[in-house]
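For reference, the chains in residue letters:
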Amino acid sequence: MSNIIELKQGLDIPIAGSAVPKAKKVITPDTIAVKPVDFRGLIPRLLVREGDTLLAGSPVFADKVTPEILFTSPVSGTVSEIVRGEKRKLLEIRIKADKEQKSVDFGAAKPNALDEAGIKEKLLKSGLWPALVQRPYGIIAKPADKPKAIFISAFSTAPLAADLEFTLKDEFENIQTGINVLNRLTKGGVHVSFHRETYSSSPFHKLENIVPHIFGGKHPAGNVGVQISHISPIVKGDVVWTVSLTMTAAIGKLFNTGRYDMTRLVAVTGPEAKEPSYVKGIAGMSMNDIREFCNTDTGIRFISGDVLTGTNVGSDGFLGFFDNQITLVKEGNEHELFGWAKPFRSSQFSASHTYFSWLTPKKKYSLDTNLHGGPRAFVMSDVYSKVLPMDIFPVYLIKACMAGNIDKMEQFGIYEVIEEDLALCEYVCPSKIEIQSILSDGINLMLKEMA
Amino acid sequence: MRKFIDKIKPAFEKGGRFGFLHSTFDAFESFLYVPDTVTRKGAHIRDCVDLKRIMIIMVLALVPAMLFGIWNTGFQHKLAFGLEEWGFWNIVGYGLVKVIPLYLVSYIVGLAIEFISAQIRGHEVNEGYLVTGMIIPLIVPADVPLWMLALAVAFAVILGKEVFGGTGMNIWNPALLARAFLFFSYPSTMSGDTIWTPGMTRYLAEGKAFACGNGLVDGFSGATPLAHPSVDGLQTAGTSLWDLVAGIIPGCVGETSVIAILIGAIVLIWTGVASWKIMLSSVIGGLAMGYLGFAVGATDLPGYWQLAMGGFLFGTVFMATDPVTSAQTETGKWIYGFLVGALAVTVRLFNPGYPEGMMLAILLMNTFAPLIDHYVINGAISRRTRKIKTA
Chain A
1 MSNIIELKQG LDIPIAGSAV PKAKKVITPD TIAVKPVDFR GLIPRLLVRE
51 GDTLLAGSPV FADKVTPEIL FTSPVSGTVS EIVRGEKRKL LEIRIKADKE
101 QKSVDFGAAK PNALDEAGIK EKLLKSGLWP ALVQRPYGII AKPADKPKAI
151 FISAFSTAPL AADLEFTLKD EFENIQTGIN VLNRLTKGGV HVSFHRETYS
201 SSPFHKLENI VPHIFGGKHP AGNVGVQISH ISPIVKGDVV WTVSLTMTAA
251 IGKLFNTGRY DMTRLVAVTG PEAKEPSYVK GIAGMSMNDI REFCNTDTGI
301 RFISGDVLTG TNVGSDGFLG FFDNQITLVK EGNEHELFGW AKPFRSSQFS
351 ASHTYFSWLT PKKKYSLDTN LHGGPRAFVM SDVYSKVLPM DIFPVYLIKA
401 CMAGNIDKME QFGIYEVIEE DLALCEYVCP SKIEIQSILS DGINLMLKEM
451 A
Chain B
452 MRKFIDKIKP AFEKGGRFGF LHSTFDAFES FLYVPDTVTR KGAHIRDCVD
502 LKRIMIIMVL ALVPAMLFGI WNTGFQHKLA FGLEEWGFWN IVGYGLVKVI
552 PLYLVSYIVG LAIEFISAQI RGHEVNEGYL VTGMIIPLIV PADVPLWMLA
602 LAVAFAVILG KEVFGGTGMN IWNPALLARA FLFFSYPSTM SGDTIWTPGM
652 TRYLAEGKAF ACGNGLVDGF SGATPLAHPS VDGLQTAGTS LWDLVAGIIP
702 GCVGETSVIA ILIGAIVLIW TGVASWKIML SSVIGGLAMG YLGFAVGATD
752 LPGYWQLAMG GFLFGTVFMA TDPVTSAQTE TGKWIYGFLV GALAVTVRLF
802 NPGYPEGMML AILLMNTFAP LIDHYVINGA ISRRTRKIKT A
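So the protein lines, in turn, are chains A and B. Taking my numbering, I'd label the letters of the first sequence as residues 1 to 451. Taking my numbering, I'd label the letters of the second sequence as residues 452 to 842.
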């Protein structure tokens, strides 16, 4: 067994509203949406028109650069609306679901019975190829590449994250099949990381054909990027792929049943969620379907994903392709008298010792979206490395991104990180700098310049 | 009050009647209330710590040194002029009369410049000056003429900070720049033996000290321990190590008391506002040089005396640790701190022209901090590349 990699830096934000492991509701989707904006750098080519009828698994749009990569509908139904934003940017394709669901049959197959090309074709046709994410940059994997290795994180440490052992408890067979599929795409093996505390009790440690790793520590120990940097750091020229465990199960399902099945258990969490628990939902489901979980009607932010990296989709928005969590938090658009000067501010949490929240380590807080200050230049230098268990210099990387200096970005490790890895740095930043968005610009610049 | 602010707010917004005062209004509003802005991009929740909080902790940490400084200002005056009948409140009263004008000048001049430049740039007013303005009166002699102080503050804020783009962009510690400006522009009022005792300047000029007709006591020297840093010298002046630790010696307003400074240091280290690495390594550097000087015979005082004398600790705790101008990398902080301490004592021991080296040491190391970081980072990157290649 491999050694335990213990990460010292990190932070578990004590936010209230973690989901109890109970599926409270089965959602019958009414309108769902497929969103090109879930994928970085994607230029979509629309393949449907309003009024077209689709089956679950029918293509909706394709990648303009690599047209083999298809994005398919998770439900059968009718295209009801195509939503475009500024400059006619394609935002959402809304699909009204039929009462009776019908799927395209892609044909069940044993991964070992197919050759590599056959496996790739099946993934591309079914719309599951976009589940393969390439590092560096966090973009959709290129079908022509042969990655150095494939990495899966079998646990999540993100705030209020869905418990994968619960959401995937019936999916062991599918995950195993998925891993067998992935093994055919790389020579470097499929590396799966477990958490130290749950490793021996987790059903997933019985998975075969994997290279297991064990990590200990606080968030972001569960981020696959952090794990890669400790297992086999990415250097210039390397290409590795990452897949989420949820998506591995979906890939397994495709090969076991022949269907594109995006149903999943979704955790409804957050301080504003009434009785936070799980629902049986589907990728692209509408926030309207979980309306009864809201504590109040207004002033709630609907986040598809977790509070650090998720997307604010609004009360009429839709769940993202990769997300298995919805977080409901209060919009903190209120003035607080003398907030920063108060000696005690017991309803707020701070990772620093400048407030007294370190006296109550067990307490959970109803955090809201207030920025708690105004944007400033970088002042503090040692707050960021305390929450980033990677061998990089976050402030220097971000400054290189601001300056658009490609050489420096390379030196400071742009290949190793995507936004989610630096999300905690952004959370703790006393200067309220938008680190994730700056990094995002940096990665986009790299994509443009290195293409 | 919230209603009142909301009512007058539109006038200060863009296009409003007082639109040109936008930054000023914003500064006062955000001083009273945490703004209602919510996160737009990236992480949806944020830590409740902001720079205002960090700065206010820094200011709090300086309070013991300031309070002691006020008392000591009066106490030194009492000693010098033999005011036997003065009680505690007389002493504090005199201290307040001396120190409050320094604070008024420091904050009025500094904040005015800060507000104007924020207004010109259209930025929010930065809270960094709250700390700088708190430090400056503590590192000047109580007798410094107020117009000189005003000039020094203006110099430090404009040329030391605003031309670089404000807090977070500056290269040198602004408070120290103010002191350096005074030191080099008006050496006659910033050095020598007479400036350090409050009320002395006036006595020399007008023949009488404030509030009393007494002359100087017999045998008064007024020199700080740094002027005669030897066993004999200190003995003649009657200064014991305890006097240095407690801080009942002449010197700059806030720098004398080791105890008051250490209270501040504990606050800073515990809250994580200042780096303990820099403080520790600076002390190590000072001790190392102090004992080296002791060993080669440059001084007959053992190394630990160097820590207690002059502005060494004040500089180490409050100014070398300035997060903007110090080294940014963790390894860099050790090197930077050590060199600050070592250089300060080196200047003291081997350069008779400058009895105090702390200011010069910190300013010099501020200049070299980016260079230290550069080499630390390059070293880390190449070490890492090698490791990955061999793995």
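Since the hints were made in silico from the structure, they are not lab data. The beta carbon of each residue, even a glycine, is placed where N, CA and C say it ideally should be. Hints should not be assumed to be uniformly reliable.
Derived DSS-like pairs (lysine-lysine); straight-line CA-CA distance at most 25 Å [stated by the list, open to error]:
| # | chain 1 | residue 1 | chain 2 | residue 2 |
| --- | --- | --- | --- | --- |
| 1 | B | Lys458 | A | Lys448 |
| 2 | B | Lys492 | A | Lys399 |
| 3 | A | Lys342 | B | Lys838 |
| 4 | B | Lys838 | A | Lys386 |
Stretches of chain A that chain B covers, calculated by requiring three or more beta carbons in the stretch to come under 8 Å of a beta carbon on chain B [said to hold, decoys possible]:
| # | stretch |
| --- | --- |
| 5 | 34-43 |
| 6 | 172-183 |
| 7 | 241-254 |
* **Restraint check for lysine 492 of chain B with lysine 399 of chain A, where alpha carbons must lie at most 25 Å apart** => Distance of about 18 Å is within 25 Å: holds.
* Coverage assertion for the stretch 34-43 of chain A with respect to chain B, Cβ distance below 8 Å, three residues required -> This one is violated; 0 residues, fewer than the three required, reach chain B with a Cβ under 8 Å.
* Asked: Are the Cα positions of lysine 342 of chain A and lysine 838 of chain B separated by 25 Å at most?
  -> This hinted pair is violated, its Cα atoms lying about 48 Å apart.
* **Coverage criterion applied to the stretch 172-183 of chain A (partner chain B; beta-carbon cut 8 Å; 3 residues)** => Check failed, 0 qualifying residues.
* For the pair we were handed, lysine 458 of chain B and lysine 448 of chain A, check the Cα-Cα distance against 25 Å. => Violated: lysine 458 of chain B and lysine 448 of chain A sit about 48 Å apart, past 25 Å.
* To do: Examine the stretch 241-254 of chain A: at least three residues should have C-beta closer than 8 Å to a C-beta of chain B.
  => violated (count 0)
* Distance restraint between lysine 838 of chain B and lysine 386 of chain A, which requires alpha-carbon spacing of 25 Å or less -> It holds: about 23 Å lies between the C-alpha atoms, which stays within 25 Å.
Of the numbered hints given earlier, the model fails hints 1, 3, 5, 6, 7; all others are met.
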